[in-house]
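Residue numbers (this note's numbering), protein chains in the order written: chain X, 52 to 165; chain D, 475 to 593.
A hint or two may mislead.
What the hints assert, rightly or not - Simulated restraints, written as ranges between beta carbons of each label pair:
1. A481(D) - D89(X): 15 to 21 Å
2. D124(X) - T479(D): 33 to 39 Å
3. V139(X) - L592(D): 23 to 29 Å
4. R502(D) - A103(X): 27 to 33 Å
5. Q108(X) - S545(D): 31 to 37 Å
Unchecked claim - Some, not all, of what chain D presents toward chain X, calculated at C-beta under 10 Å:
6. V478
7. F509
8. F521
9. N526
10. T582
11. S585
Everything labelled a hint here was simulated from the structure, so no lab data went into it.
No residue lacks a Cβ here, since even glycine has one placed at the ideal position from N, Cα and C.
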Amino acid sequence: NAGVTQTPKFQVLKTGQSMTLQCAQDMNHEYMSWYRQDPGMGLRLIHYSVGAGITDQGEVPNGYNVSRSTTEDFPLRLLSAAPSQTSVYFCASSSSTGVGSPLHFGNGTRLTVT
Amino acid sequence: AQKVTQAQTEISVVEKEDVTLDCVYETRDTTYYLFWYKQPPSGELVFLIRRNSFDEQNEISGRYSWNFQKSTSSFNFTITASQVVDSAVYFCALSEALISSGSARQLTFGSGTQLTVLP
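Kindly generate the complete structure, drawing on both the sequences and the hints.
Below is the structure:
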């Protein structure tokens with residue numbers, strides 16, 4: 052049972068480069084989301100999706116795009132990387148869009164932008 | 475807006491000591507959920523517990539216990555007889571409905587408490 056799988060685990064980018072962080076889940080969860088974790092700030096929501104074809108912005112969406120063409124996949128695109136996007140990124144999913152559903156997290160992607 | 479405060483940035487205890495991690499939250503919703511997650515040094519986030527706003531019963535699971543008090547907007551986490559393996563960052567989080575999108579919800583995290591248990 053793989054759960055939530057994120058790739059890559061580590062990535063170094065130069066300022067201005069673009070890339071896609073991959074996220075896949077095999078639990079048939081409707082809700083998926085992306086968070087970034089920065090020291091002293093906890094985790095902050097970037098984008099989320101309540102089902103295939105539906106996405107919306109979270110707290111810190113600028114500089115990121117998402118799409119949800121299938122239930123399983125929810126990639127996060129960095130359009131033009133900036134040093135401020137250096138962070139650890141977590142993808143998460145849950146079985147329901149309801150308030151009380153616990154999130155299942157991937158193992159994270161550590162991104163460094165130089 | 476919702477907010478979660480974990481005032482303790484770092485705590486260090488010696489093995490077998492009891493330790494309490496504090497969590498204070500703010501929300502205007504009457505229906506909400508509170509969570510605790512553990513992030514060990516390996517980096518993954520592990521779900522520990524969920525509590526809804528209508529259930530103020532304390533919960534105990536082995537060496538872990540949680541004290542939810544709506545009167546003080548707190549959801550504290552106690553580890554009894556701590557062990558080295560408890561060393562991790564612990565996050566408290568709050569979930570309420572996003573007003574702008576109806577049923578969808580956002581999980582708001584505190585900044586985390588780094589717990590170090592020394593042998």
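Structure-based check of all given hints:
1. A481(D) - D89(X): 15 to 21 Å: About 18 Å separates the Cβ atoms of A481(D) and D89(X), which means 15 to 21 Å holds.
2. D124(X) - T479(D): 33 to 39 Å: Since D124(X) and T479(D) have Cβ atoms about 35 Å apart, the given range 33 to 39 Å holds.
3. V139(X) - L592(D): 23 to 29 Å: Given about 26 Å between the Cβ atoms, the range holds.
4. R502(D) - A103(X): 27 to 33 Å: 32 Å, holds
5. Q108(X) - S545(D): 31 to 37 Å: Hint holds: Cβ distance 35 Å, inside 31 to 37 Å.
6. V478: Interface hint status for V478(D): holds (8 Å vs cutoff 10 Å).
7. F509: 7 Å, holds
8. F521: 5 Å, holds
9. N526: 6 Å, holds
10. T582: Status holds, d = 8 Å.
11. S585: Hint on S585(D): holds, closest Cβ of chain X at ~5 Å, below 10 Å.
In terms of the numbered hints stated before, the structure departs from none.
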